[in-house]
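Student: Single-letter residue listing:
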Amino acid sequence: MSEMQLAWQRFARDRVAFIALGVLGLLYALTLFADVIAPYALRDESRLHTYCPPTALHFFAADGSFSGPYVRGVAMHYDKYRRRSYDETRDIYPVKFFARGESYQFLGLMRMDRHLFTVDEPGRIYLLGADSRGRDIFSRVLHGARVSLTIGLLGVLISFGIGLLVGGIAGYFGGPVDNVLMRLCEMVMMVPGFYLLLALRAAVPDSLNSLQIYAAITIILSFIGWAGLARVIRGMCLSLKERDYVLAARTMGLGDMEIIVRHILPHTISYSLAAVTLAVPGYILGESALSLIGLGIQDPYASWGNMLSEAMSIVRLQFAPWILWPAFFIGITVMCFNLVGDAWRDAWDPLLKGRGEGA
Amino acid sequence: MILRIEGLCKTYPGGVKALDGVSLDIRAGENLGLVGESGCGKTTLARAIMGLVAPDKGTVIFHGHPGRREFCRQVRMVFQDPFSSLDPRYSVRAILNEALRLEPRMTTGEGLTRMRRVLDLVRMPRDILSRYPHEFSGGERQRLAIARALMTEPSLLILDEAVSSLDVLVQKDIVLMLEDLQQRLRMTYFFISHNLRVVRRLSRKIAVMTGGRIVEYADRDEVFNRPSHPYTRALIQAAFNYEVAP
Chain A
1 MSEMQLAWQR FARDRVAFIA LGVLGLLYAL TLFADVIAPY ALRDESRLHT YCPPTALHFF
61 AADGSFSGPY VRGVAMHYDK YRRRSYDETR DIYPVKFFAR GESYQFLGLM RMDRHLFTVD
121 EPGRIYLLGA DSRGRDIFSR VLHGARVSLT IGLLGVLISF GIGLLVGGIA GYFGGPVDNV
181 LMRLCEMVMM VPGFYLLLAL RAAVPDSLNS LQIYAAITII LSFIGWAGLA RVIRGMCLSL
241 KERDYVLAAR TMGLGDMEII VRHILPHTIS YSLAAVTLAV PGYILGESAL SLIGLGIQDP
301 YASWGNMLSE AMSIVRLQFA PWILWPAFFI GITVMCFNLV GDAWRDAWDP LLKGRGEGA
Chain R
1 MILRIEGLCK TYPGGVKALD GVSLDIRAGE NLGLVGESGC GKTTLARAIM GLVAPDKGTV
61 IFHGHPGRRE FCRQVRMVFQ DPFSSLDPRY SVRAILNEAL RLEPRMTTGE GLTRMRRVLD
121 LVRMPRDILS RYPHEFSGGE RQRLAIARAL MTEPSLLILD EAVSSLDVLV QKDIVLMLED
181 LQQRLRMTYF FISHNLRVVR RLSRKIAVMT GGRIVEYADR DEVFNRPSHP YTRALIQAAF
241 NYEVAP
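Sequence lines, in order, name chains A and R.
For the first sequence, the numbering used here begins at 1 and goes up steadily by one.
For the second sequence, the numbering used here begins at 1 and goes up steadily by one.
Where hints are given, some of them may not hold.
Stated by the list, open to error - Derived Cβ-Cβ restraints for the label pairs, each shown as a range:
1) R/Asp56 x A/Arg183: 38 to 46 Å
2) R/Arg126 x A/Phe194: 54 to 62 Å
3) A/Leu157 x R/Ala28: 48 to 56 Å
4) R/Pro104 x A/Leu107: 43 to 51 Å
5) R/Pro66 x A/Phe194: 32 to 40 Å
6) A/Arg183 x R/Ala94: 34 to 42 Å
7) A/Val23 x R/Leu185: 56 to 64 Å
8) R/Asp173 x A/Leu184: 49 to 57 Å
9) A/Val261 x R/Lys17: 43 to 51 Å
10) A/Val261 x R/Gly67: 22 to 30 Å
Claimed, not checked - When the alpha-carbon atoms are kept at most 27 Å apart in a straight line, the in silico DSS-like pairs for lysine-lysine are as follows:
11) A/Lys241 x R/Lys57
12) R/Lys205 x R/Lys57
13) R/Lys17 x A/Lys241
14) R/Lys172 x R/Lys17
15) R/Lys57 x R/Lys17
16) R/Lys172 x R/Lys205
As the list claims (entries may be wrong) - Chain A residues, not near chain R, derived (Cβ > 12 Å throughout):
17) Met76
18) Asp244
19) Ile264
20) Gln298
None of these hints come from the bench; they were simulated from the model.
The structure displayed is predicted, hence computed values, not measured ones.
Glycine included, every Cβ here is placed at the ideal spot set by N, Cα and C.
Please work from the sequences and hints to get the whole structure.
Tutor: The following block contains the structure:
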């Protein structure tokens, strides 16, 4: 059994972390199937349902008999303070499963128009309420997860690729190479992250489409994170390169880069995997922060961050607290990543101690 | 003559003179034993021969002046610590396979045959190819390290304290195995150790090193019967007789 499998066994024994990993898996699965699960498309809006509260699901008909899930229509009126208020009407709209709705490109492969659940127009189903333009927050949370969840992973992969390589090269070669690369790292680390984020964002033109903005933000985020990892990896490489198996590899005619990739970086994976997992939340929060202040993903595209920008007004929060739902999902995701990262690091630690491996 | 070392010097940053004008000849079939206390420069010498440490001065000349690749094939090294000389992330197959990159191109089948052969030679079962280093004891790992060194069918094997960290019974097994291997494969050993008994058993010639210098270099019996340098006398006395002469 390899070390990886042993560590995995120890990890699996940590119940909480295992559940957290499951939750993350579920979230990413939801992201993958967002089009199917979400009852409404990204741009779907209904101005008559501004800040409509979460729709109540009914299961029993008026006479008390079980009827299957249905929702009632709502009627909006203004109260004496000119605030919107919604009352249920007598109209009944049964929830339909796998019914036709707006068509979408399923996984980018084929056109489909079936949705997991939906109700007939003019009924609306708002599981988590509606936002200022009557858009379904549940649907938008799912669509937004595509941006918010993947931007973290992508950003982290890019920045850790850079970090591993720079750290590996600096640690292995040492001397002037090390000096130059480490000073470079310090220059990046010197600038406070969020301001660097803003400055880099300002350097990117505004007239981009959503995909370009997405790519730009990913690259900007990954530009910030690599330096810290590079420094730690470099420190580990300094000790790892003195190991006998590295020397043995050198006597077997392996090139420097080959040795770094085959015999040095794999030994830092224990640390890097934990560090990667613990870093993802930073990227998710970074994207959210950018989008929140309007520099990230722009309306009508959804991300958890830009959905929250509506929640910046205390008055709206007071009367429509459900617009905070994206914050709940950010919180859950960040917490799960932290739990998994912590547990993974712990799962490696006993192994590291037992073998005297540097970490 | 298969290896000639001429005037090797190496001073580490901080002023430690690890090698101070070391010259040695290793003849084919004439095992050379190198003894000396810890920190006298033995390991630095082995690493300088292998090109792992760049010497400040001096040369290492291998018979026939081969290129780096051929040198790496012909001269193989077994390291002191069997726990760190095998990369714990790779299976036995991957570890042995890595040595094959020095060889002319080989099919997977030929490589496998070679692996089975060296496993036989070091008396390890053939079915361990998919296992990992941490599943083996220290002695078994050292056998694997020797197996890896044998993969390229070398003519000179540098054993840097190769049995020092093993218990005496395992040590005996490995020493006997090395003797047997030498007869079968016609290799020459450059045996570095602080253990005089093992060195006496395996070597034809013995060099004694202290403070980065070779202070004695002669036939085995000569060194043991008529040591010329006081340091050699002290070493022999310490190893075979704890009583200090009055």
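Student: So which hints don't hold here, by number, going up?
Tutor: 1, 5, 9, 14, 18 and 19
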